[in-house]
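Number of protein chains: 2
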Amino acid sequence: MKKIHVVGLGLLGGSFALALKKIMPQIKFTGYDTNSQNQADALSLGIIDEAKTEADLDTDIIVLATPADTLPSLLTKALDKIGSQTLVMDFGSTKSNLCSVVSMHPKRAHYLAGHPIAGTEYSGPKAAKADLLDRKVFIVCEMEKTDLHLKSKAYEVLEALNMKLRFMDPEEHDSQLAFVSHLSHISSFMLGKTVLDKMEDDKNIFDMAGSGFASTVRLAKSSPAMWAPIMKENKKNILEALSMYIVNLSKFRDRILEDDYEGVFREMEKINKIRDILDLE
Amino acid sequence: MKKIHVVGLGLLGGSFALALKKIMPQIKFTGYDTNSQNQADALSLGIIDEAKTEADLDTDIIVLATPADTLPSLLTKALDKIGSQTLVMDFGSTKSNLCSVVSMHPKRAHYLAGHPIAGTEYSGPKAAKADLLDRKVFIVCEMEKTDLHLKSKAYEVLEALNMKLRFMDPEEHDSQLAFVSHLSHISSFMLGKTVLDKMEDDKNIFDMAGSGFASTVRLAKSSPAMWAPIMKENKKNILEALSMYIVNLSKFRDRILEDDYEGVFREMEKINKIRDILDLE
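Top to bottom, those sequences are chains A and B. So that you can map any letter, position 80 of the first sequence is 80 in the UniProt record's numbering, and since no number is skipped, the others follow by simple counting. So that you can map any letter, position 6 of the second sequence is 6 in the UniProt record's numbering, and since no number is skipped, the others follow by simple counting.
This is chain A alone, in the form it adopts within the complex (with noise of 0.2 Å):
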């Protein structure tokens, strides 16, 4: 392993990078962000050894960590002028669309779907943390569309940053996260709003906010550059969880509506059962 680039140096590209110079310092980095400045922080921090518009022939891995509906065109253009020895594979939120966009394409074996389950509130690489990846669980699918060999490389590097392998297929994958990540953001999202809402009668409204409402509004501050593209990207499985999501809050409402507490209580307490289910982890 010599040469990674990464396409995308924000949160997630960075973080790796930063992460794998400490494990395997003999790699050189190159890479490139259409945003000038987040490249020339990369450069700074010591994400990247240098910028590079398009990654050299003998790199091993290229990494895309840009918004979800701007891989399929990366991806086909990677893959299109792609080195023999070379890799790519993505961070994208989505694999759907992108899994199918390159289905037929005749470097297909040289791709990895990947997305690593890592991330904050915050963006750009100023916000890339050495041990954002570490310990956490990197999903893999189509793996059997990818050549053992190249796979390899991605192995490699992924063990190293003690990353959990799970694989699935795409669709799979989709339908999953719509459900544990995507609805998790719209949902605080959606909280932040109305909060400000109620701000316009109520200026010190957010004096009286504790740890709670900051935790369950914290996704709020994620940025909208990566997020609104996986709202297009996932659109039919997000509009199945956000529709069951509306759903069980009417729900929830017309109970309160009819006094029905007992009904609350109760609905509460299976609800609960969460706790040893995120516990376990």
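Derived by calculation from the structure, the hints in this document are not laboratory data. Watch out, some of these pointers could steer you wrong.
DSS-like mimics (lysine-lysine), calculated; alpha carbons at most 25 Å apart, straight line [claimed, not checked]:
1. A:K164 - B:K198
2. A:K153 - A:K28
3. A:K22 - A:K145
4. B:K203 - A:K164
5. B:K198 - A:K251
6. A:K126 - A:K3
7. B:K236 - A:K198
8. B:K203 - A:K203
9. A:K52 - A:K153
10. B:K198 - A:K136
11. A:K145 - A:K107
12. A:K198 - B:K2
13. B:K2 - B:K129
14. B:K136 - B:K21
15. A:K251 - B:K232
16. B:K198 - A:K273
17. B:K270 - A:K198
18. A:K21 - A:K198
19. B:K251 - A:K251
20. A:K198 - A:K2
21. A:K129 - B:K273
22. A:K270 - B:K126
23. B:K198 - A:K270
24. B:K198 - B:K251
25. A:K145 - A:K164
26. A:K164 - A:K129
27. A:K232 - B:K270
28. B:K164 - B:K203
29. B:K198 - A:K232
30. A:K232 - B:K251
31. A:K236 - B:K164
32. B:K81 - B:K107
33. A:K235 - B:K2
34. A:K2 - A:K153
35. A:K107 - A:K136
36. B:K22 - B:K203
Add chain B to chain A, keeping to what the hints say.
Chain B alone, transformed into the frame defined by chain A:
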């Protein structure tokens, strides 16, 4: 200050006693919990020095730290037989109904309506922590209705605990709390429910959950015995907040449905200003 009696030896009552015992070790704490296991735990954890159903007549402060729907009757009964130098204060999350129930009580001046903005998703005496209340906001309602001399007893202990006093009227309190606290709990519980429902198809869905989901769903671990009564006591304001939330979610869903991702982006960008507001604190 010689004696404090705590009714309800859970997270809040327990944390209050543990913290104050460190700062004012001369105070004797008596207390009571309808749950006999909690009461035994509170004794063995040193939250109270002696279990007592009724406060002694020379008690300085009686603290009511029980679920919101039990407070009107507990408060009325406490005032009925209160000692001449005793103040009673409560830690309830709703204030309007409670203040209105005791508004004509001959001993109204012995009562201070309070609400510490502090908590965790855990409950019971074992969840109590001496630093839970440290530097948190303590809301006082209808301060003018409490006897000046008795009120100073409360201020003495709240200041010793480093709590930040805020004064507001009960209606304003309940309306604001519906938005910044009660709604967060509902959004979190219903997020938990939506993912649990989905789990019936996808058993391993929680493997895919990252820190974002964990943070957003954290409040769904909260105690139904505390939270169902809040829905009842603050029905009107909670219905208003919840309805606004559902409308916001439905409008957001419509944008996705209509492929208006620019609208989605702009909406998220506006909500991002919550970053500045929350980081100010």
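Okay, the hints, checked on the actual structure:
Of the pairs offered as hints, the one joining A:K164 and B:K198 holds, with about 23 Å between alpha carbons and a cut-off of 25 Å not exceeded. Straight-line distance between C-alpha atoms of A:K153 and A:K28 comes to about 15 Å, which keeps the hinted pair within the 25 Å bound. Distance restraint check for A:K22 and A:K145: the Cα-Cα separation of roughly 31 Å exceeds the 25 Å cut-off, and the hinted pair is therefore not satisfied. A threshold of 25 Å between alpha carbons decides the hint, and for B:K203 with A:K164 the separation of about 18 Å falls inside it, so the pair holds.
The straight-line distance between the Cα atoms of B:K198 and A:K251 is roughly 17 Å, inside the 25 Å bound, and the hint therefore holds. The hinted pair formed by A:K126 and A:K3 meets the criterion: a straight-line CA distance of about 23 Å does not exceed 25 Å. Between B:K236 and A:K198, the direct Cα distance comes to roughly 15 Å. Compliance with the 25 Å bound is thereby established for this hinted pair. This hinted pair does not check out: B:K203 and A:K203 have alpha carbons roughly 44 Å apart, beyond 25 Å.
For the suggested pair A:K52 and A:K153, the alpha carbons sit about 21 Å apart, so the restraint of at most 25 Å is met. Of the pairs offered as hints, the one joining B:K198 and A:K136 holds, with about 22 Å between alpha carbons and a cut-off of 25 Å not exceeded. Annotation: proposed proximity of A:K145 to A:K107 holds, straight-line Cα distance about 10 Å (limit 25 Å). Between the alpha carbons of A:K198 and B:K2 the distance comes to roughly 43 Å, so the proposed pair goes past 25 Å and is violated.
In summary, the hint linking B:K2 to B:K129 is supported, as the alpha carbons are separated by about 22 Å, within the 25 Å threshold. For the suggested pair B:K136 and B:K21, the alpha carbons sit about 18 Å apart, so the restraint of at most 25 Å is met. At most 25 Å may separate the alpha-carbon atoms for a hinted pair to count; A:K251 and B:K232 meet this at roughly 16 Å. With a C-alpha separation of about 14 Å, the suggested pairing of B:K198 with A:K273 holds against the 25 Å cut-off.
At most 25 Å may separate the alpha-carbon atoms for a hinted pair to count; B:K270 and A:K198 meet this at roughly 14 Å. Distance check on the hinted pair: A:K21 and A:K198 sit about 47 Å apart at the alpha-carbon level, beyond 25 Å; violated. Of the pairs offered as hints, the one joining B:K251 and A:K251 holds, with about 18 Å between alpha carbons and a cut-off of 25 Å not exceeded. A C-alpha spacing of about 55 Å is found between A:K198 and A:K2, which places the hinted pair above 25 Å, so the restraint is violated.
Among the hinted pairs, A:K129 with B:K273 is consistent with the structure: their alpha-carbon atoms are about 24 Å apart, no more than 25 Å. The hinted pair formed by A:K270 and B:K126 meets the criterion: a straight-line CA distance of about 22 Å does not exceed 25 Å. For a cut-off of 25 Å, the pair hint linking B:K198 to A:K270 stands: about 14 Å separates their Cα positions. Using a Cα cut-off of 25 Å, the hinted pair B:K198 and B:K251 holds, with the two alpha carbons roughly 23 Å apart.
Among the hinted pairs, A:K145 with A:K164 is consistent with the structure: their alpha-carbon atoms are about 20 Å apart, no more than 25 Å. As the CA atoms of A:K164 and A:K129 are separated by approximately 18 Å, the hinted pair is consistent with the 25 Å bound. Of the supplied pair hints, the one linking A:K232 and B:K270 holds, its CA atoms being roughly 19 Å apart against a limit of 25 Å. Simply put, B:K164 and B:K203 have alpha-carbon atoms about 46 Å apart, too far for the 25 Å limit, and the pair is violated.
As the CA atoms of B:K198 and A:K232 are separated by approximately 21 Å, the hinted pair is consistent with the 25 Å bound. Among the hinted pairs, A:K232 with B:K251 is consistent with the structure: their alpha-carbon atoms are about 16 Å apart, no more than 25 Å. Taken as a hint, the A:K236 and B:K164 pair is broken in the structure, with Cα atoms around 47 Å apart against an allowance of 25 Å. Restraint check: the Cα-Cα separation between B:K81 and B:K107 comes to about 9 Å, which is no more than 25 Å; the hinted pair holds.
Restraint check for A:K235 and B:K2: the C-alpha separation of about 63 Å exceeds 25 Å, so the hint is violated. Proposed proximity of A:K2 and A:K153 is supported: the alpha carbons are some 11 Å apart, at most 25 Å. This hinted pair does not check out: A:K107 and A:K136 have alpha carbons roughly 29 Å apart, beyond 25 Å. For the hint linking B:K22 to B:K203, the alpha-carbon distance of about 47 Å lies beyond 25 Å, and the restraint is violated.
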